[in-house]
Structures are given as C-alpha cells and as structure tokens.
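Protein chains in written order, with our numbering: chain A, 1 to 144; chain B, 1 to 166.
Some clues are possibly wrong.
[What the hints assert, rightly or not] Straight-line Cα separation of at most 20 Å, DMTMM-like style, residue types lysine to aspartate or glutamate; simulated pairs: (1) A:K44 / B:D64; (2) A:K3 / B:D149; (3) A:K42 / B:D65; (4) B:K84 / A:E25; (5) B:K111 / B:D86; (6) A:K5 / B:D157; (7) A:K29 / B:D65; (8) B:K39 / A:E14; (9) A:K8 / B:D65; (10) A:K10 / B:E23; (11) A:K5 / B:E10.
The hints are simulated quantities; they were obtained by calculation from the structure and are not laboratory data. Here the structure is a predicted model, which means the values were calculated and not measured.
What follows is each chain in one-letter form.
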Amino acid sequence: MNKPKRHKSKLIQEIQQNRSAAEFEKTKKRMLLAVKIQDAIKAKGYTYTQFAKMMDQHVSVISKWVSGTHNFTTETLFEIEEKLEISLINTGEEKPAEIINKFELTVSINPKDILTSEYSNYLNPGILDRYVSLQGGMAATVNS
Amino acid sequence: MKITLVELEELTGDRLKVYSVIEEDEDLTLFDKFLDENKDKFASEIEDVLDRIEIMASKTGLRDDFIKPNEGKPGDGIHALYDKPDSNLRLYFIRFGNVAIVLGGGGHKPKNIRRLQDDPKLKDENYFLRKVSAVLAEAVQNGTLLITDQGLESETDFTYQTDDDE
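Model the full structure from these sequences, guided by the hints.
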C-alpha cells in the first residue's frame with residue numbers, strides 16, 4: 001500500500017523559521033486549555049447550551065472559549081474551574097500527589113560465603129533491618 | 001484537470017495527517033498558494049494558521065470546536081479553520097474523519113459578505129476544493145483510496161482527474 005508523496009514546502013519552512021516561538025507556545029497553551037474545557041464539559045454530560053446557561057453566557061461565547069483561540073481572563077477561568085470542578089490554573093497550592101514506590105527486596109546470604117565477622121553481622125535481624133531501611137526499603141525478614 | 005495528493009512534511013503529525021494537492025504542471029500545493037498570496041499582507045494571521053494546524057497535527061488532534069463546519073455541499077467534508085473574531089482570512093480544507101485533512105486554498109474574507117458566493121476569490125477556492133472532494137470521495141467509495149489510522153493510503157499514485165465541467 002502506498003502513501004502520498006511527502007512534499008517539502010519552502011514557504012512553510014520559511015514562515016516556521018521566522019515565526020515567534022513565544023506566540024507558538026501561547027497558541028499551543030490556548031488550544032490545550034480549550035481541549036481541557038471541552039473534555040470537562042463532555043465528562044459532566046453538559047451540552048454547550050446547558051453550560052452557557054450555567055455560566056450566564058450566550059452559547060456563541062462558549063464556542064469561542066472552546067475554539068482554542070480565546071484569551072481568557074483569570075476571572076473567567078476561575079468560574080469555569082468552579083462550575084466544571086476542574087483545575088485550569090496551577091497556583092501551586094494543590095497538594096502534590098503522593099507517590100509510593102513499592103518493591104520487594106530479597107537479600108540472600110549463603111552461610112558458606114560468610115568468612116568475616118563483618119558479613120556475619122548481617123544475619124542479625126536488627127542490623128539487616130537497618131541496612132535495608134538505609135537502602136530505602138521498609139521491612140526485612142530473615143529466614144535462617 | 002489532473003491533481004496529485006501530497007502529504008505536507010512540515011505539518012503532518014501523529015495526531016492528524018495533513019495533505020494538500022498539486023495541480024498538473026505546478027510546483028506549489030493549493031495551501032502553498034494560499035500562504036504565498038497572504039503571507040505579506042496578513043503575516044501574523046498566516047503564522048497563527050500554521051501554528052494551529054501544526055498543534056492539531058502533533059498535540060490535540062482535530063477537534064470539532066477548532067473548525068467551522070459545513071462550508072461546502074452537504075456531505076462533501078469541506079470545512080474551514082475556526083474564524084477568530086478579528087480575523088481576515090478563511091482557509092478551506094477537506095476532512096476525513098479525525099484522521100486526515102486536505103488543505104485547500106482560501107483568501108481574504110471581507111466583513112461585509114454573508115455568503116462565500118458573494119466573494120469571487122473565496123467562491124473559486126471553495127468550488128475548486130469541492131471538485132477535489134468529489135474525486136477523492138469517489139476514490140474512497142470505489143476502494144482505491146483508503147482512510148486508515150496511518151492516514152490516506154492507496155495502491156495508486158494518488159493522481160486524480162477533476163471534473164472541469166462541473
């Protein structure tokens with residue numbers, strides 16, 4: 001199966017090279033913000049007409065908001081956040097998500113390999129616990 | 001008139017495949033011509049149009065809210081990029097689901113017109129894209145053009161003959 005030939009456009013390249021990187025980033029953020037709002041409205045099961053009524057706006061205003069081209073005021077964003085129960089602006093107050101990494105560590109020591117008292121100490125459950133704890137582990141059991 | 005479908009290297013992405021067409025004996029695509037005609041007079045708008053297409057292609061995918069639907073005949077898949085309230089330009093394209101778009105031309109959109117037929121340039125661009133849409137739709141129907149999650153595929157060379165008498 002064939003795919004269409006790829007066309008390199010000098011015009012597109014020229015415009016992309018000379019464009020404002022800051023404007024590109026702003027456009028990207030506006031569009032990603034719009035996607036977040038679109039998805040939240042759908043997730044809540046609202047039509048745009050229903051959402052417009054909730055926001056006390058005309059439905060054409062909602063169309064602008066979700067078009068990815070709108071410059072929002074913080075006031076409007078705060079109101080959207082409240083009505084849709086989503087977070088659109090990160091004020092740094094949100095509790096960071098707690099990340100718990102669980103892993104199992106098995107320490108196996110062959111008694112024949114214990115030649116010095118330094119290694120034999122690890123057979124002591126208290127020392128083994130401390131060693132595992134220092135490595136980031138939470139508990140250890142010793143099977144003698 | 002013979003046209004060839006091409007994929008636009010600088011714009012196409014994982015979330016949306018972006019194509020345009022080249023007319024016989026031409027080097028520029030319909031979209032290149034649109035850029036060329038408007039890049040000096042509406043420089044910042046042209047940059048914005050390119051940015052939005054690139055972001056759809058790479059980040060957001062094609063969303064209904066990012067476009068102005070139904071700019072052609074019913075069912076021909078011709079839409080336009082969403083108009084900003086203060087925008088001067090209109091860009092037409094053919095939509096293939098959320099997988100692909102074929103960029104056409106467009107032009108300056110005077111504030112005083114109600115229908116695209118009221119402006120000769122917009123009418124020409126839109127009606128030509130309708131012809132392109134018709135031949136591509138026929139190719140999809142007869143199975144010679146496939147819409148897959150990888151974009152548009154075919155066992156042909158993606159060259160089509162538009163109906164010039166329409």
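Against the structure, the hints:
no.: 1; hint: A:K44 / B:D64; result: holds, 18 Å
no.: 2; hint: A:K3 / B:D149; result: holds, 12 Å
no.: 3; hint: A:K42 / B:D65; result: holds, 12 Å
no.: 4; hint: B:K84 / A:E25; result: holds, 18 Å
no.: 5; hint: B:K111 / B:D86; result: holds, 10 Å
no.: 6; hint: A:K5 / B:D157; result: holds, 9 Å
no.: 7; hint: A:K29 / B:D65; result: holds, 15 Å
no.: 8; hint: B:K39 / A:E14; result: holds, 11 Å
no.: 9; hint: A:K8 / B:D65; result: violated, 29 Å
no.: 10; hint: A:K10 / B:E23; result: holds, 17 Å
no.: 11; hint: A:K5 / B:E10; result: holds, 13 Å
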